[in-house]
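Peer 1: Sequence:
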Amino acid sequence: MADLKLDALSSVSGAMSDVTTALHSASTSAVPTIASISARLATLADSLVTFNAMAIDRDDRAAASLRSVPTR
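Numbering follows the numbering used here, with no gaps: position 13 of the sequence shown is 13.
Wrong hints could be hidden among the right ones.
Across the chosen pairs, the derived CB separations fall in these ranges [to be verified]:
{"no.": "1", "residue 1": "Ser47", "residue 2": "Val69", "range": "26 to 36 Å"}
{"no.": "2", "residue 1": "Ile56", "residue 2": "Val12", "range": "30 to 40 Å"}
{"no.": "3", "residue 1": "Ala42", "residue 2": "Ser13", "range": "37 to 47 Å"}
{"no.": "4", "residue 1": "Val12", "residue 2": "Ile34", "range": "16 to 26 Å"}
{"no.": "5", "residue 1": "Ser17", "residue 2": "Leu41", "range": "47 to 57 Å"}
By construction, these hints were calculated from the structure, which means they are not laboratory data.
If you're wondering where the values come from, they're calculated on a predicted model, not measured in any experiment.
Beta carbons: idealized from backbone N, C-alpha and C, even for Gly.
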């Protein structure tokens with residue numbers, strides 16, 4: 001949040017109620033967007049956990065298979 005650029009707000013013109021309405025609208029429309037992004041990231045994280053577990057399992061099975069090859 002500290003990196004948000006607010007310089008443009010100093011040049012805002014118009015009736016105070018118009019400016020307040022515009023700022024409120026921007027915030028209100030951002031909430032569903034942020035919620036959607038959050039949900040997608042959570043789904044991605046769950047998928048990565050599943051992928052990691054599957055990769056570990058397959059690695060273990062592949063290693064066991066290689067270890068079972070008789071030596072010469």
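Peer 1: Could you run down the list of hints and mark each one as holding or not?
Peer 2: Here is how each hint holds up against the structure:
1. Ser47 x Val69: 26 to 36 Å: 33 Å, holds
2. Ile56 x Val12: 30 to 40 Å: For Val12 against Ile56, whose Cβ atoms are near 54 Å apart, the range 30 to 40 Å is violated.
3. Ala42 x Ser13: 37 to 47 Å: Between Ala42 and Ser13, where Cβ atoms are some 41 Å apart, the hint holds.
4. Val12 x Ile34: 16 to 26 Å: 23 Å, holds
5. Ser17 x Leu41: 47 to 57 Å: Check failed, 36 Å falls outside 47 to 57 Å.
In this structure, the hints that do not hold are numbers 2 and 5, in rising order.
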